[in-house]
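Use the sequences and the hints to build the structure in full.
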Amino acid sequence: MKLIQLADSALPVGGAAHSFGLETLVAEELLTRETLAAFLRDYLEEIGVLEAGFCRAAYHVACSNWPVLNQELSARKPARENREASLILGRRFLQLLGTLEGCEIPEGESHYAMAFGYAGRMLRVPESSTAAVYLQQSVTALVSACLRLMPVGQQRAARLLWDLKPAILKAVQASAVAELAAVPAFTPLLEIASMRHVVLETRLFIS
Amino acid sequence: MAENHGLLSLRFAYDSEVARTRLHVLEQRQPLKVVRAFELPGGAALIHLHNLSGGVLAGDKLSLEVAVDANARAQITSTGATRIYKSRAEAHPAELMARIEVRENALLEYLPDPLIPFSHAKCSQNTAVHLSDGAGLFWWETLAPGREARGEVFLYDMLQLGFELRVAGVPIVNERGSLNPVLRPLTSSARFGPYRYLSTFYICRAGMAETTWLDLEKQLAVLAIQATSPVIIWGLTRLPAHGLVVRALSQNGRDITRGLMAFWRVAKQALYGQEALVPRKIY
Numbered sequence: 001m002k003l004i005q006l007a008d009s010a011l012p013v014g015g016a017a018h019s020f021g022l023e024t025l026v027a028e029e030l031l032t033r034e035t036l037a038a039f040l041r042d043y044l045e046e047i048g049v050l051e052a053g054f055c056r057a058a059y060h061v062a063c064s065n066w067p068v069l070n071q072e073l074s075a076r077k078p079a080r081e082n083r084e085a086s087l088i089l090g091r092r093f094l095q096l097l098g099t100l101e102g103c104e105i106p107e108g109e110s111h112y113a114m115a116f117g118y119a120g121r122m123l124r125v126p127e128s129s130t131a132a133v134y135l136q137q138s139v140t141a142l143v144s145a146c147l148r149l150m151p152v153g154q155q156r157a158a159r160l161l162w163d164l165k166p167a168i169l170k171a172v173q174a175s176a177v178a179e180l181a182a183v184p185a186f187t188p189l190l191e192i193a194s195m196r197h198v199v200l201e202t203r204l205f206i207s
Numbered sequence: 001m002a003e004n005h006g007l008l009s010l011r012f013a014y015d016s017e018v019a020r021t022r023l024h025v026l027e028q029r030q031p032l033k034v035v036r037a038f039e040l041p042g043g044a045a046l047i048h049l050h051n052l053s054g055g056v057l058a059g060d061k062l063s064l065e066v067a068v069d070a071n072a073r074a075q076i077t078s079t080g081a082t083r084i085y086k087s088r089a090e091a092h093p094a095e096l097m098a099r100i101e102v103r104e105n106a107l108l109e110y111l112p113d114p115l116i117p118f119s120h121a122k123c124s125q126n127t128a129v130h131l132s133d134g135a136g137l138f139w140w141e142t143l144a145p146g147r148e149a150r151g152e153v154f155l156y157d158m159l160q161l162g163f164e165l166r167v168a169g170v171p172i173v174n175e176r177g178s179l180n181p182v183l184r185p186l187t188s189s190a191r192f193g194p195y196r197y198l199s200t201f202y203i204c205r206a207g208m209a210e211t212t213w214l215d216l217e218k219q220l221a222v223l224a225i226q227a228t229s230p231v232i233i234w235g236l237t238r239l240p241a242h243g244l245v246v247r248a249l250s251q252n253g254r255d256i257t258r259g260l261m262a263f264w265r266v267a268k269q270a271l272y273g274q275e276a277l278v279p280r281k282i283y
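First to last, the sequence lines map onto chains A and B. Per our numbering, residue 1 is the first one in the first sequence, and the count goes up by one each step. Per our numbering, residue 1 is the first one in the second sequence, and the count goes up by one each step.
Hint data in this document are derived by calculation from the structure and do not stem from the laboratory. Please read all numbers here as calculations on a predicted model, not as lab measurements. Positions of the beta carbon are idealized from the N, C-alpha and C atoms, including for glycine. No incorrect hints appear here.
Now the in silico label distances, taken between C-beta atoms and shown as ranges:
hint, chain 1, residue 1, chain 2, residue 2, range
1, A, 38, B, 5, 39 to 47 Å
2, A, 102, B, 5, 57 to 65 Å
3, A, 1, B, 272, 55 to 63 Å
4, A, 155, B, 272, 54 to 62 Å
5, A, 104, B, 278, 50 to 58 Å
6, A, 95, B, 18, 53 to 61 Å
Following this line, the structure appears as C-alpha cells:
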C-alpha cells in the first residue's frame, strides 16, 4: 500500500514537471498519437530494462556502495536533461520517504530508479514487484506528459497504460537476468530530443 | 573463410628533445596494420589504421590497444569506412575491441570513417577509454544504415555497440546498444525515427573547470541550431563531468561529416587554442 502511494503521479516530488524529451519529439512531429503505443513499448524495452536493473541493484546495495552505483547510472544517461531530472526526482523522493517512513536514507546523489528500489526494500516489498511498480509509474508519467502534449484523451491514456502491462513485466524479467553493466539501452532519438529541449521556443516542461 | 585474430598495439610517446610525438608499434598482427606516423604541425603524430582484409569478416576478432603517454598528442583515422561483411547464419559475430589509455596531459583525436554494416552482418564492438588527469579526447563515430546505394538500409542481423569512458577510474560514459532491426525496429521514435545515420562525438579534457564546459556548450549550441535541417538533427549536452557529447541523426552521411568538422574546429580552439587539422586523405 505504501509503495503504491509512493508511485502515485501526484506524489509531491515534481515528476510532472519533466517530459524526458517527449516535448521535443512531439513539437518536432517525431512522436504522434499514432506512434505513441509503439514508442512506449520500445522505451520499456530499452530504458525500462536498464532502470529496472538499477532499481533492483539499489534494492540490494549497501549504503557504502551507493555513490558508485549512482555514478554508473549517471554514465548510462548521456543527456544532461534526463540525468539531472532523474537525480532531482530521486533526491526529493528519498527525502519524502525518510519523512513519511522515518527511515534512514542514503546520502549524496540518487537517481530516481535507485531511490525507488531502496524504498521497496525499506517497505519489504519483493524486489520484482518494486521494479514493476517503478516502471508502471515511469510510463504513467510519460503518458501524463503526453496528455498535455498531444490529442490523447483520458480513455485512450488508460487503454495505453493497460496494454503496457505485459511490456512492463517483460522488462522486469529481462532486468533480472542481465549483467547490469552490459544492459543495452539504445534510444538516440529520444536522447537528442532531450538535448534539444532547451532550444524549443515554447515549453510546458522544464529543461 | 578463415577467421582473423588481428591485433594492433600502439604507444605514442612524447620526445621532449625534439618536442614531438613518436609512434611505437608494440605489436601488429594481420589484418590490422599501421604503416607509419606523419608528423603534424605542433608535433602531434597522425596514423592511419589499415585493415588488409578490406573489411570485417564473420568471426573476426580485431583488437586495438593504444596508449598515449603523458604530454603526447596523437591523431588516429582510418583509410576508409569500416565495412562489416555479411555473416553466415551459423557464424560467430565479428568482435571489434579497443582499449585506449590517454595519460596525463596527453591528447587523442580519434576520427575514423563510418561503420557500414552490410546486409546480414553480425558484429559486436566494445571500446573502453581511460583518461588520466589533464588528458584530452576528441572521439567521433558514425554508424551508417548499410550499403544505401544497393538499397541496404537496416538489413544487418545484429550490432552490439559499447563505449565506456572513465576519467581517473570514475565512469563518465557507458553507452550500450543492441541493434537488431528485426526484433527491435530501428525506425521507432525512440531509436532512429525517420533518420538513418547516427553519429556521436565526445569532446573531453579531464580537469577543466565547469565554466569552460558551460561556455563551450553555448558556442556549440549555436552550431547545433545552425547545422540542424529537415534532414539532420544535432544535439549536445554536458557529460556528468570533464566534457560534452554531440550527437546527430541524419538521413545522409554527408551532412554528418561536415557538421563533425565544424564542432571539432570550435572545440579544439576553445580547449587547446589550436586549429583542428583534418587528417590527410579524402576530405
